[in-house]
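Undergrad: Chain by chain, the residues:
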Amino acid sequence: MAESGRVLSEIATHIGATVRGDPTLRIYGLNTLKDARVGELSFFANSAYRDQLAQTSAAAVILAASDASHFAGHALIASDAYVAYARATALFDTTPPAETGVHPSAVIHPTATVAASAAIGAHVTVGAGASIGERVVLGPGTSIGANSVVGADCRIAANVTIYHGVRIGAGVVIHGGAVLGADGFGFANDGGRWVKIHQLGGVIIGDGVEIGACTTIDRGALGDTVIEAGVILDNHVQIGHNVHLGENTAMAAYAAIAGSTTVGKNCIFAGQSGAVGHVSICDNVIAHARCTLSKSITRPGAYSADLLMDETPQWRRNAARFRHLDELVRRVKKLENKIGDES
Amino acid sequence: MAESGRVLSEIATHIGATVRGDPTLRIYGLNTLKDARVGELSFFANSAYRDQLAQTSAAAVILAASDASHFAGHALIASDAYVAYARATALFDTTPPAETGVHPSAVIHPTATVAASAAIGAHVTVGAGASIGERVVLGPGTSIGANSVVGADCRIAANVTIYHGVRIGAGVVIHGGAVLGADGFGFANDGGRWVKIHQLGGVIIGDGVEIGACTTIDRGALGDTVIEAGVILDNHVQIGHNVHLGENTAMAAYAAIAGSTTVGKNCIFAGQSGAVGHVSICDNVIAHARCTLSKSITRPGAYSADLLMDETPQWRRNAARFRHLDELVRRVKKLENKIGDES
Amino acid sequence: MAESGRVLSEIATHIGATVRGDPTLRIYGLNTLKDARVGELSFFANSAYRDQLAQTSAAAVILAASDASHFAGHALIASDAYVAYARATALFDTTPPAETGVHPSAVIHPTATVAASAAIGAHVTVGAGASIGERVVLGPGTSIGANSVVGADCRIAANVTIYHGVRIGAGVVIHGGAVLGADGFGFANDGGRWVKIHQLGGVIIGDGVEIGACTTIDRGALGDTVIEAGVILDNHVQIGHNVHLGENTAMAAYAAIAGSTTVGKNCIFAGQSGAVGHVSICDNVIAHARCTLSKSITRPGAYSADLLMDETPQWRRNAARFRHLDELVRRVKKLENKIGDES
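Line by line, the protein sequences are chains A, B and C. Taking the working numbering, the leading residue of the first sequence gets 3, the next gets one more, and so forth. Taking the working numbering, the leading residue of the second sequence gets 3, the next gets one more, and so forth. Taking the working numbering, the leading residue of the third sequence gets 3, the next gets one more, and so forth.
Hint data in this document are derived by calculation from the structure and do not stem from the laboratory. Watch out, some of these pointers could steer you wrong.
Identical chains share a label here; the pair holds if one copy fits it or two copies do between them.
[Said to hold, decoys possible] Taking lysine-lysine pairs in the DSS-like style, the calculated list, with each CA pair at most 27 Å apart, reads:
1. K267 with K336
2. K198 with K36
3. K36 with K267
4. K297 with K340
5. K198 with K267
6. K36 with K297
7. K198 with K335
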């Protein structure tokens, strides 16, 4: 518990670090180097903060062996101080524990299965044939559709909507307002009118995936939309029907993948970036902010399309010129021809 | 039922096609040419897949008369194979049927009206004076505000929020997490402080509209926000107060129309495109991805503003130059003047 | 009540205006100059509508003293007609009043505190130790997490998700589907796999803040995310962990502030604009649509990055040239060198 604290040796074991100093020192919380107070543990993972390391009031600091000489106090020496800090946060999480059992106001279909160790919140709905695994937490107002499966140790927040036929692996975290399994955006145009293409597939979510608030993952049109293990999605992300996201790919807010596109492993999509539909993105691609990957990518690396901000008056002048860029190129070509003739 | 399948003749009647081959052939599902297995129906609507047509394991294929000679098996001949496929999907939809009646946990205000054939899910709230039409489905946790009207055959998913004074036509589909009738973003600035403009209008949704997950349609400030029949909106779309969207206009994810703008019929807004407020967009306009329609459009056609992606190092060089584009034009002008003088 | 109307003198007192004409004239609603009918009050705040002022059927008009001579009818003379109109809307709001008390279907934890004057809707959940202030309205399906505080006079709509440890000031408006206090997007990369950084901070919302539908405000990683008094956020806004937004800053739809960035007072973020993480934006900055503030801003003023729309064929020509802009600059430089040599 954060209340009674943790001793350094215990933290070291959890995060894979070694103690330098007093292993029985008791830690009551985590904080930045700058804000840490007595009894708090901090971390040093960015050399820009070397001054703060020297001046911190932290009781102890997580740092790499190569930085250990820059700090005289109690320390946890780790191979990667930032990863070690990330692991330490789990010990100090203050999220209130959910109450095991099914809240009396929850509505569980008689044909659904709910593990005895699960914590089903108030006003939850679990549909026919659905299955809720061991130690799952379902927040208030969340709805699990018919025949959907929620694997062990998932934590699903309040007011999440899971449609029917969605299969979620183990240890998945889903934040408030997220929607999994809504219809993909599929319509055929019949002389101006849109004819709905009913979306017959499902959604498969791998183990350990994290899904942000108000993020949407559409069900497949034919076949499933697939999110592989270890993927992390920020808030307001949109995953179209029949997309396939490879392991450990990360997508920041508003990043979007259009229908039927396959994304490789360990890709990073910055805010408001994305990919068009029906293309294939290889492993280890970075899409910078507001960049649309507009065709298949076969070469790992970073791609960009956003422009740099400028003060508006200066910007206006340049943007107006952009509308005549093709003409400008022709003018330069003409000059080159003339000069070439002359020289 | 998908379980027991449908015979070709029945499907042909439903989709307006003619059978070539055995009209009693039983079909158990739909799939792509590539993935179709025994007993499944597929479709051929894109000549890029001609090879797949030759090699498909599908039991039958929907295709146009002009393509019929390229496939030897059972076929459904349709004037538009893609539209015919769209119609066929309705026959194989596996969405579990909702249970008719009002779930005991739903809270229906005594002054509200709910049709006997409607299916009201768990934890639904229907406010004072609201009206729910025949065969309407309201998913778990959905809230219908006071005096709102939901027309016949609407399918509203879980955790949808409909405010008061929202009038929804017949056959409208609304996905999870959508919000209709929230206040438009209207404030007057009083010496630095914002004074709220209470939003006194409502929302009107025409027949057959589809609204995606986490999409928001704000109520009017004075007068109503209007979405005409046949409009289709993807996930995360934003419709500002007093917007008027014409029939059959389609908007992809994150497309947004700012307040008081009128959009014509049969327009298409690609992902993250949009229009500024207080303008008028004519019929048959296409806004490509990330293009803001920044003034009224009177000429049908396509508009763009997004740039093409590039590998980041090359991109950086060009983007840096963009900030001096106006200066570049002046330099070229100067050269032209000199050369003109000389020649 | 809007039903029985309000007399001009009463409205004048509420909005800080003076009556010209009959102070007992009864007003039944508000409308635009163009659409106003008998019995309705309108306003004139934009000289572009001078023709409409001359022709309006409004019973009375709010306008500035300097415009009073352009209108012959009953008038409310105000120093700022638009602000006065904004204040008047509060008198004609038709939002149905919420019923005081706790709805029987709501689930209130025994250790939570709910003011007697609060109106708690159906299917609401209030967690352990939470506190709901006087006259608060909580819409159906809304969930308030453990130990969160909702100040007096807040109006929170349906299906809103408030996590644990969120402190909301007085008079805050939160629209449907909004999510406050979800985990910030924090992960450390451990050889390709993402290690979650548990988010240990909270969220603090100042007095009078307005938060749009499907807007998300993440909890802090260490320390709190802070939204100061008077901030207004449109729909689909994203506020990352440990962001600090200064008083009266306004953000339109899809505007986003990445983690740990500080934004000053009275800033305006247009639609889809934003700021990167770990920077500081001074007071009185305007970010135009789709502009990412990519570094700290110390000079008040307007910033842009979006391009102007063009018809697609013309656009394509210019966009293609952009990919060779650096090369073009080099070509111009070469020409300048040659010409310089010659002249």
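Undergrad: Looking back at the numbered hints, which does the structure fail to meet, lowest number first?
TA: 1, 4 and 7
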